[in-house]
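Student: Residue-level listing of the chains:
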Amino acid sequence: MQNTALTGGFENAPVQSAIAFRACLEAMARPGTLHQLDGGAAPAPCSAAAATALLTFCDAETPLFLAPSHDSPDMRDWLAFHIGASLVAPENAMFALGTWDSLQPLSRFAIGTPDYPDRSATLIIELPSLSASGARLTGPGIKEHAHLSLPSVPEFQQNAARFPLGWDALFTCGHQLAALPRSTKIEAS
Amino acid sequence: MYVAVKGGERAIDNAHDWLADERRGPRDIAELSIAQIRHQLALAVNRVMAEGSLYDPDLAALAIKQARGDLIEAIFLIRAYRTTLPRIGHSHPVDTGAMACDRRISATFKDLPGGQVLGPTFDYTHRLLDFKLLAEGPTAEAGNSGATQGMPAPAPMPRVSDFLNRDGLIQDEQPGPQTPPDMTRQPMEYPADRPLRLQALSRGDEGFVLGMAYSTQRGYGRNHPFVGELRIGSVAVEMDIPELGFAVEIGEITLTECETVNQFTGSKTEPAQFTRGYGLVFGQTERKAISMALVDRALRWEELGEDNMGAPAQDAEFVLSHADNIQATGFLEHIKLPHYVDFQSELELVRKLRAEASTPLSEAAE
Amino acid sequence: MTQDTHYNFAYLDEQTKRMIRRALLKAMAIPGYQVPFASREMPMPYGWGTGGVQVSAACLTPSDTLKVIDQGADDTTNAVSIRKFFEKTAQVATTESTRAASLIQTRHRIPEEPLREGQILVYQVPIPEPLRFLEPRETETRKMHALQDYGLMHVKLYEDIARHGNIATSYAYPVKVQGRYVMDPSPIPKFDNPKLRMAAIQLFGAGREQRIYAIPPYTDVVSLDFEDHPFEPSKANHACSLCGADHTYLDEVIVDDRGGRMFVCSDTDYCATRQATGAAPAQTATSQPQEAQP
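Residue numbers (my numbering), protein chains in the order written: chain Z, 1270 to 1458; chain H, 260 to 625; chain L, 6 to 299.
Certain hints may be false.
Unchecked claim - Below, simulated DSS-like cross-link-like pairs (lysine-lysine); rule was C-alpha separation at most 27 Å, straight line:
1) 595(H) to 93(L)
2) 595(H) to 324(H)
3) 1454(Z) to 181(L)
4) 200(L) to 1412(Z)
5) 240(L) to 161(L)
6) 611(H) to 161(L)
7) 181(L) to 161(L)
8) 200(L) to 240(L)
9) 240(L) to 181(L)
10) 148(L) to 1454(Z)
11) 89(L) to 324(H)
12) 148(L) to 181(L)
13) 1412(Z) to 1454(Z)
14) 181(L) to 200(L)
15) 89(L) to 595(H)
16) 1412(Z) to 181(L)
17) 595(H) to 240(L)
18) 200(L) to 1454(Z)
Honestly, the hints are just simulated from the structure, not real lab data.
Please model the complete structure; the sequences and the hints are all you need to start from.
Tutor: This is the structure in structure tokens:
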């Protein structure tokens, strides 16, 4: 096991995870808003924001899909030490981590059932850049409309069309976070 | 002049002080020790452990002391404490067949390997107040001499259901899922499978489970139970230690296990067979274990191809939703909390409805 | 106040908080849908706000300022008790001011002061299922939500109208969230329903029933009604005897044994703030059958 596996966790988990969670909650509550998310550090290419999201939400009870972009022995060691999540196929994942291309096709991820729409995946999508511009967003959490630099539009439109089913997305880039729940309506700008 | 009621904080502090004082009682009477409660009120301790879902006799005794003997309050203290404990790992299933029994009886066979062992039971006591216990000091303790001393090492006591199973006379229990669900870590989900039902019954309120079991005996989902076997004793708890690579015994716990032999089933294709109900509870808690077995059996109607008689004890959602005394007592007692906002809205509504009802018809018709 | 070192920050262990946080995230993504969660036994009884307390515990950070109200008031005994619990276990600052609070835990009221972005309102919920009193079975109500089959609720409301001439629900009045899920807003008076569309995040915790749900900011929340019987938020037809407000929800206080009564704001912070800024008591605040004796 590399040394890197042992570092990069929260130094003060109760406080850091609380702060991180609040950023994630605000992001999911207000699609299109950008938030600072850091405190965790995982082996490259995993961003600080993505590492922090993993530390905040994942543990031995959350099956995780590691897309090829992020699947490496170092990353596996880091996950084993800090998170303890079992690594699974996309179909069984509660959380998934990867770049946009690497997570494709998204049809593999759980979208919940009519009885339990919450039993769906949360995708942590690493993006090269993140800004409040681009696709036009409306829906819960948005006063009038918002914009977000989505990697693509049709996939998110399809996902929103099957509401209340669907997966939900956290976008990470460096220390930045944004989110897009299935409830948001999307138009290309 | 109206002044809003203030000083909630001081009222609470005063109430707590008063409560502590009442708990201690007159200072010229010796304070109860935890050891006294643990050893002399052991059946209360057992109930608190069973329904608190935490095997720790000292903490259960402490909870009873702190709760002034209110067992549901004591169970609540244990449950709240249990919430804060990290989950270190899982033990292996305990082997109750290898139980070192203090008590083991079967109502279905006159004698059997390992014998009938009455153990420390109230069963054949005459319920006459023993005024000797009024006297305190050494004289009262003289009677208890060596009842447990010089007993032969217990013979192996194979389970009664295994005898019947060998001949195919009782329905075979299929092994359940590898990892049973854990109702303390996952939200309850209906329909509940049997491992989940058994967990809920095992920690359910003794009075509620007893009442449900009794209702089946009186015809609300009758299933003709015999106590195939009731055994009470200690079993070893083993756990895998990853660093060692093998399982080690981490301690012993006392359990009560009851297996009932119930009404048989059968059809043209399946020969007649007895069915079973199962109860397993922490500590010496036989009323609870027997009740649990009866209710377990009643809840199995669907799996065993029986009719739903509409009996309360056949309704898993009804039984499991109402068996937990901590949930029940909380919700029941919360109606003591202020509800004047809701009440005010009802008051306004009733006034409005009354005003409208007294409006002359001509106006109402406009 | 110093932290009780026997317990973790905000009482719950980290694994439990992660579980609650995952439920909150999904609740936010599916507005109005009740997410099952493995509620823990808390050191206060079920019915005293264990769901709200668990949600607050999973959300609080050390820099939060917490306000706790019960029936709109900061000084009711259970509000005091919950505030003390978090002062002790999470060392957060507390306040009675709605404006100064970043997280407000409430039982039965929405503050009168409009909430703003960045604030979180946590509701304590006794029975989260709006259909429960029409259909006691979870297996059935879950199907109804899945199929968006809310006919039973409309029948109930319509029967009210047939019998009483009005919808006979005055609190915990059901709402439809973003056109999809029918939701119980907790036992707030229906007077508060129009405030359910707001700038703050709203989180609902039902401990005993093991459910969490949420309304994101600016989400459409519509109180169920009929075209010929539109929803009406109602309150006592009086003004506050202390601050004169005629637009707030009022508590009725019995002041003597001859039928005298007065009406005062249920939101104690709102009322006190108005009084401090010179608002005058209503002149004819008391009423039927006779004036209260000041």
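Student: If a hint holds in the structure, say so; if it does not, say that too.
Tutor: Here is what the structure says about each hint:
no.	hint	result
1	595(H) to 93(L)	holds (25 Å)
2	595(H) to 324(H)	holds (25 Å)
3	1454(Z) to 181(L)	holds (18 Å)
4	200(L) to 1412(Z)	holds (15 Å)
5	240(L) to 161(L)	holds (23 Å)
6	611(H) to 161(L)	holds (19 Å)
7	181(L) to 161(L)	holds (15 Å)
8	200(L) to 240(L)	holds (14 Å)
9	240(L) to 181(L)	holds (22 Å)
10	148(L) to 1454(Z)	holds (26 Å)
11	89(L) to 324(H)	holds (25 Å)
12	148(L) to 181(L)	holds (17 Å)
13	1412(Z) to 1454(Z)	holds (13 Å)
14	181(L) to 200(L)	holds (14 Å)
15	89(L) to 595(H)	holds (20 Å)
16	1412(Z) to 181(L)	holds (18 Å)
17	595(H) to 240(L)	holds (24 Å)
18	200(L) to 1454(Z)	holds (24 Å)
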